[in-house]
Amino acid sequence: MKRLLKNEIKSTAQSMMGIYLATVITLAVMLLAQLANINWLTGVSYIALLIVGFLVFFVTMITVIRNFKLSLYGNEGYLSYALPVKGGTLLGAKTIVSAMWMLISFVLWIGVWVGSTAFLMSRLEEEEMTILEAIKELLPMLVDIPGTGVLVLSVSFIASYIFLLMLVFVAVIFFAITVAQTRYFLSGSTIWSILLSFIIFLPAFVVNVYLTNNAPLTFVITAGGVGFIPHSMQDARERVFDYIETATWNFPFGVAGMIFMLLMSAGLFIASAWLMNNRTNVK
Amino acid sequence: MSIISVQGLSKSYGQKEVLKDVSFDLEGGQIIGLLGPNGCGKTSLLKILTGLIHDYTGEVLIDGMPIGVESKKIVAFLPERSYVARWMSAKDAIETIGSLFDDFDRDKAYDFLSRFKLTPDMKVKSMSKGMQEKLLLTLTMCRDAKLYVMDEPMGGVDPAARRDIKETILSNRPKGSAMLISTHQIHDLEDVFDHALMIREGDVIANESVADIRKSGQSLEEYYCVKHGIPNKSKSAKPEVNQTAQFLETLRLTDPEEYLRLLNAQLEKLRLNDTESYAQLIIAQKEGGKQ
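These protein sequence lines are chains E and D, in that order.
Per our numbering, the very first residue in the first sequence carries number 1; after that it's consecutive.
Per our numbering, the very first residue in the second sequence carries number 284; after that it's consecutive.
What the hints contain is simulated information worked out from the structure, not anything from laboratory work.
Treat the hints with care, as some may be off.
With a straight-line cut-off of 30 Å between C-alpha atoms, the simulated BS3-like cross-links for lysine-lysine are [as the list claims (entries may be wrong)]:
(1) Lys510/D with Lys10/E
(2) Lys69/E with Lys408/D
(3) Lys2/E with Lys408/D
(4) Lys299/D with Lys2/E
What you are looking at is a predicted structure, and each value in this text was computed from that prediction instead of being measured.
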């Protein structure tokens, strides 16, 4: 597994480094433009940074999916499938490395948005301030959150949820690509993998939204602490005081949808590994 | 124990059945030619043996083991297509394979590169088809495997590269290992094979030792033509054979030394490729001497 991971990182790094480098260069241009007081260049590079920040996220998803398809079912599949490892190990290595790149890109994406906006604020304020000071100014403006601890907790929770959705999306696509390499889908496997991804992901997302809103299991972050409430997300805001008395501010989130998505991802992972061991064909 | 044992193997792509209830056993320690025209099911069979195709019916065993992690440890595969990423250099490819297979000999691989006039920093994308084939051969032959599976190792390369590839295959095969080489260019590898497995439209039509084929007075190519119902080109080549015989007879009379040198070379070739015929020849020679 360790050797597989190392090779997986090496082969995918080729694709990822380009977009990371573009981010760093754009960031450097923006900082240099500010130091040199070239306002138009600062503005242009700020917009460029926002675009690159979005591209990082987009390119990562494309790279992860493309690498999975080509390294298993393109020419490189002749090596991957001839390796003395089980399908699950191969899939595990690819999933871990994909998750790693997605996490790095996600953090970078958020960092670029928060950092560049704070940077812009620091330029617009009448009094000069550092970027860190600007971030401290910026965050309470976005939401009326009591205290940094609650804020960090809420942001971390939302970020984790978005990251989980990305992972689920990738698990669905990996599964769809694998199914498309079996007997009945082999001709037109690319089209089938796109179709199957939508066929699986859309209903799953609807179920996720339904369970998140209606299932009686809600995680709540409040000014007085965190906890689980056995009520739907819609009712939780009113019932939270029954459980946490000091919940003057609260942020409820139905977690049944998350659990469903996690279980579904695990199921798709197991099914993909089984198909890789028993049903797939490398063209 | 057979190195490859196949019982009732069938494989279809949609409605098309590419392997039809195929059964055969192949003994280890020999070079086996998997012969047949394009599209007869050779590549599908090799993909099944190497674990690239899982969707088939029947039983396939490699050295007594079903296809899986253990069987893949003893099989080195040279596919028809290059699996090395185009951005990689020859060194990257060697290091990658070296890190993935415990039986891979890196030093031997670098020796191969210099023998093939390839440099470690040469990128795959800048290599010709012949160079890529040599790199793949390096990656395959530098493993200490029990079974080497090669799919058209000489496909699409020039005669000089074909000669290099053939020499490398012959001189670097570990003792006791078996090779299964798929080709439809029999002429190039005819003298290499110990055994021939012929496939036609998904059926095994011959599973014979090359020595037995030759005993019947046919070359492997002639036998292949007969089995596949192809008009025998060798008959039209007979005048050439006659010319060669006349040449040898003239040589025997005019230059006995050169004649002996040629004769010894041919005997040596026979000794290496057809031990049984060679032994019969020696016995006949001794008996002739006694008389």
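Here is what the structure says about each hint:
1. For the hint pairing Lys510/D with Lys10/E, the CA-to-CA distance comes to about 49 Å; that exceeds 30 Å, so the pair is violated.
2. At most 30 Å may separate the alpha-carbon atoms for a hinted pair to count; Lys69/E and Lys408/D meet this at roughly 20 Å.
3. Between Lys2/E and Lys408/D the alpha-carbon distance is near 28 Å, which keeps this suggested pair within the 30 Å criterion.
4. Under the criterion of a C-alpha separation no larger than 30 Å, the hint pairing Lys299/D with Lys2/E is inconsistent with the structure, at around 41 Å.
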